[in-house]
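Keeping the supplied structure of chain G fixed, place chain E upon it in accordance with the hints.
As given, the protein sequences belong to chains G and E, one line each in that order. If you use my numbering, the first sequence corresponds to residues 705 to 917, in order. If you use my numbering, the second sequence corresponds to residues -4 to 166, in order.
No lab work stands behind these hints: they were computed from the structure. No residue lacks a Cβ here, since even glycine has one placed at the ideal position from N, Cα and C. Mixed in with the good hints there might be a few duds.
Here's a subset of chain E near chain G, in silico, CB distances under 10 Å, partners left out [unchecked claim]:
{"no.": "1", "residue": "Ser48"}
{"no.": "2", "residue": "Leu55"}
{"no.": "3", "residue": "Glu143"}
{"no.": "4", "residue": "Gly146"}
{"no.": "5", "residue": "Ile147"}
{"no.": "6", "residue": "Phe151"}
{"no.": "7", "residue": "Asp153"}
{"no.": "8", "residue": "Ile157"}
{"no.": "9", "residue": "Tyr160"}
{"no.": "10", "residue": "Thr161"}
{"no.": "11", "residue": "Ile165"}
{"no.": "12", "residue": "Leu166"}
Taking CB as the label site, the calculated pair distances span [what the hints assert, rightly or not]:
{"no.": "13", "chain 1": "E", "residue 1": "Met39", "chain 2": "G", "residue 2": "Ala728", "range": "16 to 26 Å"}
{"no.": "14", "chain 1": "E", "residue 1": "Ala99", "chain 2": "G", "residue 2": "Glu901", "range": "49 to 59 Å"}
{"no.": "15", "chain 1": "G", "residue 1": "Ala721", "chain 2": "E", "residue 2": "Val19", "range": "21 to 31 Å"}
{"no.": "16", "chain 1": "G", "residue 1": "Ser711", "chain 2": "E", "residue 2": "Met39", "range": "26 to 36 Å"}
Take a look at the letters that make up each chain.
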Amino acid sequence: MANPLRSEGEAFRFLLAALVYFGAIAIAGVINAWAGLVVFIVLTIVAGWWWWRSREPARPRQVGAGRPTAPDETRILVIANETVGGAPLLDKIKQLASASDDTTMVHVVSPALNSPLRHLASDEDKARGAAQERLDNSLGKLREEGIEASGEVGDGDPLQAIEDALRTFGADQIVISTHPEGRSNWLERGLVTQARERFAVPVDHVVVDLGER
Amino acid sequence: MFLFIASEIMLFGSFFTIYFFVRVSAGTPWPTPPYELPVFVAGMNTIILVTSSFTMHWALQAIKRGNRTGLQAGLTLTFLLGLTFLLTQILEYSRIGFAPYTNAFGSVFFGLTGLHGAHVFVGLTLLAFATIRSFRGHYTEEEHHGVEIPGIYWHFVDVMWIVVYTTVYIL
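Here chain G stands alone, though its shape is the one from the complex (with noise of 0.2 Å):
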């Protein structure tokens, strides 16, 4: 369910919405109390109905880089769970780095994927202590590589750990990586779809087969 108090703007907007119903009610309650019964039956139909209808995916709005970047600086931002490590995408990594003369700064989440029930509950510690061990694992592979990259565990949705990356980094460029068609959960949900949607920031997409290493 999207929560309607993400941000000031929403909160706001919800804050409208709710003066709209609750005002439309009392003003029909005061007249006569079978009309505010009614009015209260129809408005409720009415936002049911608004919020199943915006349950349906819309185009999102695009979420920019989030801060900007120092001219001769690129910024790269590797979204990367159980493939955080593979050849391919530390190909990738190096061939974006050499690609030019600007310092390359490396950023990669390593979301801390969780059960529905687990995430729920907020019981994150476990999915958060293997994507800290997996992350771990994927920095020290780059700097074997001379790769100099900071890293964080991000959020259980890798479109969100993304865009709350992308607050606090910034990126030129976001690479997603993840394993084969039909392997893969992120790509059956159409993930690198929805990136490309999603964010202002070229969105590569490296697919690393684990079992070919």
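Relative to chain G, chain E alone:
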């Protein structure tokens, strides 16, 4: 944030459950005679609180455009309007003619409005910090999280008051 909002809704929800239970099970008019609720004063207070949400929104929009004066003015106005709301509510309590221990109606009334008043107090504390920081030169077009979070909280407090005012005072 989602869990916080959910816990707040459950908290207010439990108070509203008591309110509806008392109101339905008592079988007497609401408010219980001979007491009356100051609907007009509370209505004015509602307008004050809703206005404060507009000034809060203005403050954040101002800093997003790099307008520091707008941010400072918006936050100061929001704080003053919120303070006016709280002081008016305290004044209303002193003149209302019944107390929390008078009967179930009194307990429910003071419980619900007091719970909301406590939230307004917390919101005012957050706004005070944000206002002071704005005058000390904090916040920029890019970095204004310290205004955004109190703003979300303040709008939430306003929404809860609209529910309280509609159900307790009007219906």
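Open item on the list: Let me make sure I understand: some of the numbered hints might not hold for this structure. Which ones are they, in numerical order?
Closed with: Hints that this structure does not satisfy do not exist here, as all of them hold.
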